[in-house]
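*Asks:* Here are the chains, one letter per residue:
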Amino acid sequence: MFSSIIATERNWANPAWLCVLAGLLLSIIGIYAIDIGERTIAPATAADLAPVAAKQLVFLFVGLLAAGLLALPHERVIRFLAWPAMGVSIALLIFLLIPAVPSWIVTPRNGVRGWIDLGPIDLQPGEFAKIAFVLAAADYLRYRRTHREFLGLLPPALIAGVPIGLIFLQPDLGTAMLFVPSVFAMLLVAGARLKHLAIVVLAATLAAPMAYPFLKPYQQQRILGLIAQVRGDQHARDDMNYQAYTAQMLIGAGGTTGIPDAKSRAVIRFARLPERHNDMIFAVVVNRFGLLGGLAVAGLYMLWLAGALLSAALCKDPFGRLTIVGLSAFIAAQAAINIGMNVGVLPIVGLTLPFVSYGGSSMLVVWIMTGLTLSIALRPPPRMARPSFEFRD
Amino acid sequence: MFHRRLALLAGLMLIPAALPAGRLLQLTIAKNEDLRAEAESRLLDQRWQPTTRGRILDRKDRVLAQDKPSFDVMVDYSVITGQWAFAQAAREARRQAGGQTWRSLSPVQREERIQQLLPTYRKRLDDGWAALARATETPIEEIEARRSDIMQQVSRAASRVWELRRQAREDDLARGLALSGDPTIDTIDGLDVPIAEFERPIREQVSAHAVLRGISDEAAFRLPPEVLEAPGLRSARTSDARRAAEARGDILPTLRVVDSALRLYPMEALSVEVPADRFPGPLRSEQTATINVFGSLTQIVGWMRDRVFAEDEQRRPRITADGRVDRGFYMPGDSVGHWGIEGGHEDELRGLRGLITEQLDTSEIDTEPRTPGKDIKLTIDANLQARIAALCSPDLGLTTVQPWQRNRATPVGTNLNAAAVIVEVDTGDILAMVSTPTFTLDDVRERPESVFINDPILSPAVNRAAGKPYAPGSIVKPLLFCAAVSAGVWEPDRRVACNGHLLPDRPNLFRCWVFKPPFNTTHDALLGGALSAQEALAVSCNIYFYQVGRALGPDGVSEWYGRFGVGNDPRVARPTLRLTGSPVFAGSAGAISPDSPLSADDQIEMGEPNAVTQTAPPRARRGVTPSEATLMGIGQGPVAWTPLHAADAYATLARSGLRIVPRLRMDEPLRSINLGLNPRSVAIALEGLSKAVNDERGTGHHITVDWPDGARRENIFTAPGVQVWGKSGTADSGQKARDAQGRLLADDRGQAISLDHAWFVVLAGRAGENRPRYAVAVLVEFGGSGGRIAGPLTNQILLALKAEGYL
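Residue numbers (the numbering used here), protein chains in the order written: chain F, 1 to 393; chain G, 1001 to 1807.
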C-alpha cells in the first residue's frame, strides 16, 4: 500500500531539477532584493536581514518542504485528489465572496476579498485554485478526444471559467487573467485543433475592448496611464503613473551592470517606489544588477520552463504532461506580465513575480508547482503506455 | 504531435518576451543616463539660503534702504489650514485599529474613529497658535488674519494652476480625439477624466509659509530652541523633546524659525528745521518752523512687496535658457522690489541665494555661498530732498495761494502741488527730485486708495518732477534763442520791437503778456525802444521770441527741443532713471498723438493756412505747423516737459551747450553730447538770465506784497553769497478756472481765466565765481505767476542748498 501511495521507483536524472535550481536561485535573488528595498545597510548575516526578507526566507524553507513532500506521492494519488482539490478551491472562493463572513476571517486588502486570515498566515485560495484547476483540467483531458471539436472546447473552458469568474468577483483581475494562458496551453498540447484555438483567440482579442466599460475606475485609470505613458505624456507621472514611472526610472538607472549595493539601497529608498518588495521587485533587481541582472532573472525563468517542458516531453502519462504544461503556463504568464508591468509595456495589474516577490502564499504555491513537476518527472516512464495526444492535424 | 505542440508552445512563450526585452534594453541602455541622473537627483536634498539685499544710499552714504537681519516664523500649510489635525487623527486611528482591522472598516466607520480623536489634535493646534502669539507678543487676531491671507493666496494660486492643468489636459485629449479622425467626436465628455488628475496639490499647499515676518531676536529666542533651524543640516527626525513639547501645545507642529531680513527705510520720516526769516511777505517770521517730512524719498526709493507675481517668475525663471539654475529666482513668500529704485534695480539689489546640497545617502554637504545684493548709491542728497519737501509743506504757506499773489483762478488758501529738481552742472547728478504731495509706506499699506488715484492732478503717486508733463512757458526762451543763433537763423545782436502783438493787423493774436487792456502796454514803451535779446529775456517779451520761433520754423523748433532732451526720438539721450511705478516722461515737442484732441484754444487762426481745421482728418500726426512753431518759441503750443527736462536744459546752457545726461546713480557713467551752441548766444542768454533776476525790470527780480500800509516790493532772491541766473515762466495749462459749481470764471474783459502753471528755473553759483554750479527747476501746479509763486520757493531752495553746504 505504501508503494501505491508513495512512489518508490525514481528517475533521479530528470530535467525537473532545473526547475528546482532555477526556483532556488530566483528565491535567493528575491530575498536579497527584498532586503535592498527595506534596509539601507547590507546585512552581514542572515540574522541582519530586514524582517520581511527574513520572513521570505522562512517562506522559502516552507516552500521547499512542501515541494519535497509533493515529490513523494504517486502520481495517481495526486490525480485522485484533483477534483476534490478543485471542489475545495471553489468552495473557498465562494466563501470569500459571502458578505456575511466576518472581516476577521476574510480581510479585504485594497478592496480585494482574496485572503482568509488564519492568524499567523493568510491563505489565498486563488493561488491554490490555480493548482487545483490544472489538476482537474489535466484529469478531464487526459484520454479525451472531444476537445478536437470546437464545441469540445467548452468543458475545459467551463472548468476554467468557474474559478476565473469567482476570482474576478473578488475582484482580482490579474490572477483571473492567468487562467487563460494556462487553459490555452493545455488545450494546445492536448491536441485541440489549431484553427479552433485561433478562432477563440481572435474572438477574445476583438471582444477585449468591450470589457473596458465594465472595469472599475482605477482599472480604467491604469490603462489610461499606460496609454499616456506610451504617448510620452508626463502629466501623470506624479500621480496615477507614479508607480510605473518610478519603476522604469529605477530600471533605467541600473544601466548595464547595475549600481553598487549601498547606492542602490539609497536610490531605491529615496525614490519611494510603491510595492517595491512585491509587484515592483523586478525594478529593484535591475536597479541593483542592471540589464545583466534582468536578463539573468529572465534566463532563470526560461531555465525553469525548459526544465518543465523537457520533463513534459519525457513524460508519457497524459495527466503528467498536461499538469506540467498547465503549471508552466501559469509561471510563464505571471512572470511575463510582471516584467512587462515593471518595464512599462503593460498596465499595472497587481501580479507578483514568481519566486522573487514577497508573499507566503505565492511562494508556497510556486514551490508546490515545482514539487508537482518534480514529482511527475521523478516517476519513471511506464514500460508500456499508449501514446497520448497523438492526433493527426 | 504532442512534442510538436510542445515545441510550438515553447515558441509562443518566447514571442511575448520580445517586447519587454526590447523595452528593458531601451531603459537600461538608451535612457540610462537620463534616468540615472533623475534617480540620483532624488538623493539630493537642496536647501536654499536667503541672501542679503543690497542697500540704497544717498550721495553722502546715508542709508535710504537696508535689510535688517531678522527671523521669520514658518509653518506648514496643513497646520495653517488645520488639515494637519485631521491627518494626525486619521493616522492615530489607524494605528490604534491595526492595519488589517483598519482596512476592513467602511469609510463611515473610519470617519467615526477619526472624529473621536480629532478634538485632541485641534486643541494641540489651538494651544500652539496661542503659544506662538505669547512668545512673539503678537495679537492672536493678527496671526489669524495672516493665516487667512495665506489661505486665500494659496487658494487663488491653486485655482489658477488647476485651471491651467485642466485646460492642458483637455487640449491633449482634444489632440488625441483629433488624431482619431472621428468626426462625430468633438468633446471629451465621453471620457471620464477624474478631477484628481489635475486637482493635485500645488507646491504652495505642501510647503511652509511665513506666518510672522521680521520678528526680533528677543521674540525668536523666546521660542523653544528646537524650532530654530540650523542651516546646513537636514531636518533630523523630530526629537523626543520637540514631540513632547508639541504634544503639550507648547510648540506648533512643523513650526520653525528661519533667517530672514526686514527691509528698513531709515529716512522715510525726517524732521526739518526751516528758518522763516527770509520768507516772502507775511509768511516771514523770526521763528524756525519744525516740519515733519514723511515719504520725501518714497517715490524714488520705492518699497518691497511680499508677493511674487507671475511676471516676476517669467522675468527671472528658475532655469535659464541655457539650462543653468538662476540662484536669484523667485520662490513663494519672497519679497520683490516694487516701485522706484527697489523695483527698477531689483536684479542688482536682490543678490543670489546660497545653496546647501546634502547627499542623503552619504550625508556629504556641499555649500554654494550666497552672494549679497549690490549696494546702489544715488546722486540724491536725502537731507536736501527733505528740506525741499518741507518747504512745500502747506504748513509753511509757500505753496499755498496767498492774497498778495493775486491769483484770480484759484481761491486763496488753496494748497498747490509742486515739484523741484536740482541738477549739478559739472556732473549731471540729480541732487534732488521732489514731488508733492507724496505718500508714505503706511499710506500704501493702509490706504492705497488714497495714493493710487486715477487722476493725474490729485494722485500723490504721480512723480511731478520727472513723470508728468507741463507746458514750459517762458522758461524756454533762452534755450530757443541759443538754438536759433546756433542754427544760423537769428542774429545774436538783433533787436525786435515789441508793439504788443506779433501780427500788425491782428491785435488779439500772438500777444505779448504785457499788452493788456486798458493800457495795452508794450515793452518798447517800457524800455524805450526795440529790445535786445538780454532785455527780451529779462522782461520775457513774447514778441521777441515769437520771432525766434518763427525763424527756427517747425523743423528747427522740433529739432532743438529734441536736442535738449525732449521727445520720443530714439536718438535723443534720456536719463535712465529706471524707476518702476511712476514712469519718467519723455516730454513732447510737436508730437501730437492721434488720440489726443486739441482743445479749442489750440485752434488758433494764424492768418495763414492752419492744418488743424474742423474739416481736416483729426488725428494723424502732421508735424508742427509754422503757427505752432511760433507759439513754441514762448514755450506754449504742442510742447510739454517736466521739471527734470528744465533743469537738464539749463544745466546744458550753463555748460555752453555740453549736455550731460542727468543721472540718478553715482556709478552710472557720464554721457555727454555737445549741442554745438553758439558761444556768443550762450553768453547773451546768461546775461539775460542774470538781468531777469537781478535787474529791477526783470520778471524774476521782485514780488509785490500787499501790506496793510500799502504794497511793497521784495526781492525774490535773497540768499547771501549766491549768484543767480534765472527765468520765470507762467505757462498756460490749457485748462480754465471754474467756480465750485463748475462755471467758468471770467476776467474783467469777460474772457475765461486760464489756469497757469508757475515755473522758475535758475542757475546758481557762488558769488564771485561767475560760474553756475547748480540748475534748479521749480514748478507749482496752477500757481499762476511764475515770479510770484515759484520764485520765493526757488529762493528757499537756494537757501537749502546753502544750508547743506553746496553753495
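Hints in this document: simulated from the structure, not taken from any laboratory. This one's a predicted model, so the numbers in the text were calculated from it and none came from an experiment. Think of the CB as a built atom: it goes at the ideal place given N, C-alpha and C, for glycine as much as any other residue. Honestly, I wouldn't trust all of these hints.
[As the list claims (entries may be wrong)] Residues of chain G clear of chain F, computed beta-carbon distances all greater than 10 angstroms:
#1 Leu1009
#2 Ala1017
#3 Arg1036
#4 Glu1040
#5 Ala1219
#6 Ala1245
#7 Ala1261
#8 Asp1277
#9 Arg1315
#10 Arg1445
#11 Arg1495
#12 Trp1707
#13 Arg1738
[To be verified] Label-pair restraints from in silico Cβ distances:
#14 Thr256/F with Thr1120/G: 42 to 48 angstroms
#15 Gln1083/G with Phe95/F: 49 to 55 angstroms
#16 Pro209/F with Arg1203/G: 34 to 40 angstroms
*Asks:* Does each hint fit the structure? Answer for all of them.
*Replies:* Going through the hints against the structure:
Some Cβ of chain F comes within 10 angstroms of the Cβ of Leu1009/G; the nearest lies about 6 angstroms off, and the non-interface call is violated. For Ala1017/G, the shortest C-beta to C-beta distance to chain F comes to about 6 angstroms, within the 10 angstroms cut-off, and the non-interface label is violated. The claim that Arg1036/G lies off the interface is violated: its Cβ sits roughly 4 angstroms from the closest Cβ of chain F, which falls inside the 10 angstroms cut-off. Against the 10 angstroms criterion, Glu1040/G falls within the reach of chain F, whose nearest CB is about 7 angstroms from its own CB.
Non-interface status of Ala1219/G relative to chain F is upheld: no Cβ of that chain comes within 10 angstroms, the nearest being about 36 angstroms off. Distance check for Ala1245/G against chain F: the nearest CB is about 29 angstroms away, which clears 10 angstroms, and the non-interface claim stands. No Cβ of chain F approaches the Cβ of Ala1261/G within 10 angstroms, the least distance being about 33 angstroms, so the stated non-interface status holds. Taking the minimum C-beta to C-beta distance to chain F, about 75 angstroms, the non-interface status of Asp1277/G holds against the 10 angstroms cut.
Non-interface status of Arg1315/G relative to chain F is upheld: no Cβ of that chain comes within 10 angstroms, the nearest being about 26 angstroms off. Non-interface status of Arg1445/G relative to chain F is upheld: no Cβ of that chain comes within 10 angstroms, the nearest being about 38 angstroms off. Arg1495/G, annotated as away from the interface, keeps every beta carbon of chain F farther than 10 angstroms; the closest lies near 83 angstroms. Look at Trp1707/G: its CB is around 83 angstroms from the nearest CB on chain F, clear of 10 angstroms, so calling it non-interface holds up.
For Arg1738/G, the non-interface assignment is confirmed: its Cβ lies about 63 angstroms from the closest Cβ of chain F, beyond the 10 angstroms cut-off. Checked against the hint of 42 to 48 angstroms, the pair Thr256/F and Thr1120/G fails, with Cβ atoms roughly 54 angstroms apart. Distance hint check: the CB atoms of Gln1083/G and Phe95/F are about 41 angstroms apart, inconsistent with the given range 49 to 55 angstroms. Hint check: Pro209/F to Arg1203/G, Cβ distance near 39 angstroms, so the stated range 34 to 40 angstroms holds.
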